Structures are given as C-alpha cells and as structure tokens.
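Please arrange chain Z on chain Y, whose structure you already have, making use of the hints.
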Amino acid sequence: MSQEGLDPREFLERLQGEHRTLRWAPLPPAPATQRWREHPMTGEESLHYLHDHWALPDHVSGTETGGGVRGRIAGLAGRLTYRALGRYLHEERELLAHMVRMNDALARRCDELARAVADRQVADAENQAFLAAWLQAEPPPGSRGESGPVAEAVH
Amino acid sequence: MSAGPLATSTRAAGSDGGPARPVVVVLAARWSGDAEAAWFTRQVARSLLRRGDVHVVTLEGAKPAVSVDHEGTSAVDDGARCTVHRLAVAPAPRLVARREVLLAALSTVEARSGRPTGPSVDRLLREGASEPWAAADESVLGLRPDLVVLAGYRQVGAFDLWGRVVPDTPLVFVPLADFHPAVGLAHFDPIFDRASATLVATGSEYRAVTELCGPIRRDPGRIHRVGLPATIEPAARADVERHPSDAGPGGGEADSGSGVVMFTGCGADDHDRAVALARLAALAFPRVRVTVVSTDALDVWFGGERTRSPVPEGASAVLRLMGGAAMTVDLRPGALFARRCIDSLLCGTPVVVPADSRARQHAESGAGGLWFSSPGELIWCVEAMLEPDVRRRLGAQGKRYADAEFASTPAFVDRVEAVIGRVGAR
Numbered sequence: 045m046s047q048e049g050l051d052p053r054e055f056l057e058r059l060q061g062e063h064r065t066l067r068w069a070p071l072p073p074a075p076a077t078q079r080w081r082e083h084p085m086t087g088e089e090s091l092h093y094l095h096d097h098w099a100l101p102d103h104v105s106g107t108e109t110g111g112g113v114r115g116r117i118a119g120l121a122g123r124l125t126y127r128a129l130g131r132y133l134h135e136e137r138e139l140l141a142h143m144v145r146m147n148d149a150l151a152r153r154c155d156e157l158a159r160a161v162a163d164r165q166v167a168d169a170e171n172q173a174f175l176a177a178w179l180q181a182e183p184p185p186g187s188r189g190e191s192g193p194v195a196e197a198v199h
Numbered sequence: 022m023s024a025g026p027l028a029t030s031t032r033a034a035g036s037d038g039g040p041a042r043p044v045v046v047v048l049a050a051r052w053s054g055d056a057e058a059a060w061f062t063r064q065v066a067r068s069l070l071r072r073g074d075v076h077v078v079t080l081e082g083a084k085p086a087v088s089v090d091h092e093g094t095s096a097v098d099d100g101a102r103c104t105v106h107r108l109a110v111a112p113a114p115r116l117v118a119r120r121e122v123l124l125a126a127l128s129t130v131e132a133r134s135g136r137p138t139g140p141s142v143d144r145l146l147r148e149g150a151s152e153p154w155a156a157a158d159e160s161v162l163g164l165r166p167d168l169v170v171l172a173g174y175r176q177v178g179a180f181d182l183w184g185r186v187v188p189d190t191p192l193v194f195v196p197l198a199d200f201h202p203a204v205g206l207a208h209f210d211p212i213f214d215r216a217s218a219t220l221v222a223t224g225s226e227y228r229a230v231t232e233l234c235g236p237i238r239r240d241p242g243r244i245h246r247v248g249l250p251a252t253i254e255p256a257a258r259a260d261v262e263r264h265p266s267d268a269g270p271g272g273g274e275a276d277s278g279s280g281v282v283m284f285t286g287c288g289a290d291d292h293d294r295a296v297a298l299a300r301l302a303a304l305a306f307p308r309v310r311v312t313v314v315s316t317d318a319l320d321v322w323f324g325g326e327r328t329r330s331p332v333p334e335g336a337s338a339v340l341r342l343m344g345g346a347a348m349t350v351d352l353r354p355g356a357l358f359a360r361r362c363i364d365s366l367l368c369g370t371p372v373v374v375p376a377d378s379r380a381r382q383h384a385e386s387g388a389g390g391l392w393f394s395s396p397g398e399l400i401w402c403v404e405a406m407l408e409p410d411v412r413r414r415l416g417a418q419g420k421r422y423a424d425a426e427f428a429s430t431p432a433f434v435d436r437v438e439a440v441i442g443r444v445g446a447r
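Residue numbers (the numbering used here), protein chains in the order written: chain Y, 45 to 199; chain Z, 22 to 447.
Bound-form chain Y, shown alone (with noise of 0.2 Å):
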C-alpha cells in the first residue's frame, strides 16, 4: 500500500481524462428498418397477382369449346374430364386459396413485425439518449436549488 497523500483533485481529473474517451452515444435505428417501413410486404406485386389468380375454372363452358361436333365432343370429354377429377381440383383450389391468404397473413404479420422492431429500436435509442445524457451532462445550476452562486462562491 503506498503512503504518499493523494491529492483528491489530481486524481478526479485523471479519472476525467480517462472516461472522457470512453464517452458513447446511444446506437440509432437501423436503416433497414426505413426500408420494411417504405416497402411494406402487403404491397409485393406477386401477392396481389396470387390474390388475382389462385382461383382456377372447375367447370368447362360452351365458348370455350366452340361449336359443332368437334365442340361437343371436346365439351363432353370436358365435363367428363371435370366430373372425374372434381373433387380433386375443389380440393386443390381450397388448398391454393388457403395459401393465399397464409402468404396473405405472413406479409401482415411482417408488416406489423418491422413497425414493431423499428418502433421499439426507436424508443430505446430515445431512452438510451437520456440516459446517456444523464449520466454524462451536468446539472443545470439550481436545478435541484443546491447549487448556483454561493456554492460556485465556497468552492
């Protein structure tokens, strides 16, 4: 243990001198959230054109088949062809309309996701800023009516 006096003064303003480098500042929102925000998933051109053609025809009409034997021949393999395989392609135009609206739900939901990170990124950088700022500012003299001219005065 050394016995030399310490002098209280020197050894603050070393201690100064040495936090004043390590002095942070709070992390602010990070740029991708500004990206989620302007391009928001519910506007992707791929979900509106799935919103516009996930329902496939399940039955065959008469302008498409034409008319003649031809067409009736094709319209009778049709309804025939339909009749056989109905129950799969309901079935699969279910399937494709609840994807639809899941991959609809997904982009909500990363929507509301990237509101909530850039949101929440937000407020802790606010709250990080006063307490960087408390930790680090001095207080304004008489803000707690302590301070000011007769104690600037004694020291």
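It is worth saying that the hints were derived from the structure and are not from the lab.
What you are looking at is a predicted structure, and each value in this text was computed from that prediction instead of being measured.
Treat the hints loosely; a few may be bogus.
[Said to hold, decoys possible] Chain Y is faced by these chain Z residues, among others (derived, beta-carbon under 8 Å):
| id | residue |
| --- | --- |
| 1 | C287 |
| 2 | A384 |
| 3 | G390 |
| 4 | L391 |
| 5 | S395 |
| 6 | P396 |
| 7 | G397 |
| 8 | A405 |
| 9 | L407 |
| 10 | R414 |
| 11 | L415 |
The C-beta atom is built at its ideal place from N, Cα and C for all residues, glycine as well.
Relative to chain Y, chain Z alone:
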C-alpha cells in the same frame, strides 16, 4: 473569558451575595431536533454556559413553557443554567410560503448585486416575521441580558425584537448560512451591520458569507470562524473503533469492509434524484454490498437482490455502518456543514459527495474523498474508491483532517469565548 459583556454584568448581586451571573439570551427559531442548524445553535449556546446563564427563546413548542435544558446544564459544574423559553408560536404557513418563494426569486437575480431591496418587496418579506417574536418582548426585557445571540439569518423578526427591546445590548449573530444564495440579499444586511460579531462554523460558510454579504465584505474583521465541537460522542466513537469490521449490512463478513453506504436523505420509494442515483450505483456494482439508507428504510443490494429492513435506531448504529464500509456516499449532505460526512471521516471512511454541496469542503480541503457533478462521475468515483489503496489513503487523510478540525469540544468553546471577549473589547 477575560473581557466582554459576560464579564461585566450590570445586574444586582446574586442571591448568594456574590457577583451576579451574566445572562445571555439566545433567539433561535428552532432549538430541538437533528437538523444541523439546531444542533449548531445548541452547541454555541452550551459553550456560553461556562460563564453565564443562558436563556434560549424559541418559537417552537406545543404550548408556551419554560424548562431547563438538562443536557447543556449538566455539562457545566459551576451552577450555570440553560433555560429554554418555548413561545409555541408558529408563523402563518401562507406567509412563510410566500417569503420562501420571494427569497428564491430574488436570490436568482439580486443576491450578488448589493442593490437594496425595494420598499414594497421589503414590506412583503417582513410581513408576519415580527409577530411571532413579539410574545417574547416582556420576558427578554425582564431578563436584562448582557448579550444577545441571534441564530439564523432569516429571523428578521428576532432582530426586530432585539432592536425594539434591548438595542444597546451587544448582539452576536450566528447566521447559519446554508448554500442558499438568499443570505446575500440586502434585506438581511442590517443584521450583519448591527451585529458586533458574526460566528460561522466552517470554511465554506465563512467564504459564502464573506463573498455574498455586503457589510461583511466591507469589514471582514467582524466574521469569525469557530469551527465545530466534536460531532461524535466519545463513547460512540470508541464503540465504532472497537468494532471496525462488525458493520452489519454496510460491510460485514461477505465483503470485508468493501461495502458502500449511501444516504439519500429522502424516502426509499420517493421519485427523487437521490433515489435514482442510489439505485444506479447499486445496479452498477452487483458484486459489492451497497447499503442505501433512506429516511424510512434500509435497502441492502447485493448479488442482484435487494433486502429491505428498518433503519437502525441510534447514532451508533449509523456510525457502525459507516465505520465498516469502504466509503460513505452522501447524496444529500447537510446544508450547513455536512455533519454526516464529518462523522464518516472521523470513522476513517472516505466520502463521495455532490460537487455542489457543503460536503465538498471535507472531500477537497480535507482530502478525504471525491466529489461528482453527474451520475456518470458518481459511478467513476465509487469504482475508483473501491480500489483498496485509494480508499485507504483518502480515508487516512480525511481522518487526520476531521480529527484536527472537528474532534475537540473544548477547542470550540475556547474559540466561541474568544469571540465574545473581542465583542466586549470593541
């Protein structure tokens, strides 16, 4: 005392045929309690008992009463008595609040200007100040004092009482100037002006009064620094020194005296800056036992857990807490001379205190600790003080300073008596 008013009483001889015992009247708004101002007033009054009877006139009390101050009277053995006259008069709260607001407002712009207070403002400040003291006119006149001591620079009403009843009696002024800049307002200049002597406790108070108060600035020979008597009773100090490691939750077995004791000066759950600072420090050092002493609870933070218990009763318990700790962090030290910090230094424990407080004098001039201006600095200071070498050196320096300055009641009494002697010599 070789000269002065206490040696030249003009009253008739005493009942035992000997010379009459001089009479000192002390006008003090507050006499009881743990507040530093009241404690210092009691010490000054009791130091005057050596050479005369002391009559304390105070506003406090539930009903008007006269009683003997046994604690002070028992300290002397020549028959001198300390009598307390309680007027039981409370100033109107509305007027007190208005005066405080006015003083705070004026202090921000007028305290250093030296400009006289305007008559309308002066009238507002005086309103209701004299009435409570008027009840003491007859009793003070009947006492025929040889000396009047006025405690507290805001007691303009008590000053009026002196001027009205015994204006020819020497007046000694104990301003009890805390760090509020109001003491520099010209409104209080007449007291400094008329007082034969002004007594202050510490170097900080001396510098504040000398710099801010016009009459003292012009004639600094009228102000006298008398210091403080021993702040710790010898028995309590011996107790602390006998059990330096038996410190309970502040030090104790777990960290071998490396604990931190923090005083917030307010309730444990208050939304107060001091409470926030204490929690910040407790969270910053989870491996250090941090004991936060509030007015209503004692919280011990250690290993991420907090344990709450009642505040230990008695001065010795608090002294033992400080005596066994690595450092005392006083987040709201006393406004007059930071007595708790002095006690800590007397126990050999260094202090960490706000930079804008009276306690800084003990840390800086006494080299007994560190001071901080921001929460970040508080954390650095605590971290630095946890180094054994740093705290041992500062603790030893602080103890030497406190022992030299604040450990002798006879020396304090001698200084007070010397000032009274000079008053008589003028």
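- Query: Holds or violated: S395 of chain Z as interface residue toward chain Y, Cβ cutoff 8 Å?
  - Reply: The hint holds - S395 of chain Z has a Cβ within 8 Å of chain Y, the shortest such distance being about 5 Å.
- Can the hint on L407 of chain Z be confirmed by a CB-to-CB distance to chain Y that is less than 8 Å? violated, 13 Å
- At a threshold of 8 Å, is the proposed contact between G397 of chain Z and chain Y supported by beta-carbon distances? Holds. Min distance 4 Å.
- Any CB of chain Y closer than 8 Å to the CB of R414 of chain Z? holds, 4 Å
- Item | Residue hint C287 of chain Z, partner chain Y, criterion CB-CB below 8 Å | violated, 12 Å
- Query: Would the stated hint for L391 of chain Z survive a check requiring a Cβ distance to chain Y of less than 8 Å?
  - Reply: Result: holds, 6 Å to nearest chain Y Cβ.
- Under the criterion of a CB-CB separation shorter than 8 Å, is L415 of chain Z in contact with chain Y as hinted? At 6 Å from the nearest chain Y Cβ, L415 of chain Z passes the 8 Å test, so the hint holds.
- Query: Can A384 of chain Z be said to touch chain Y, with a Cβ gap under 8 Å?
  - Reply: holds, 6 Å
- Query: Close enough to count: is the Cβ of G390 of chain Z nearer than 8 Å to one in chain Y?
  - Reply: holds, 7 Å
- Item | Evaluation of the interface hint that places P396 of chain Z against chain Y, nearest CB under 8 Å | Since the shortest Cβ distance to chain Y is 5 Å, the answer is holds.
- Message: Hint A405 of chain Z vs chain Y: min CB-CB distance below 8 Å?
- Response: holds, 6 Å
When each numbered hint is compared with the structure, violations occur for hints 1 and 9.
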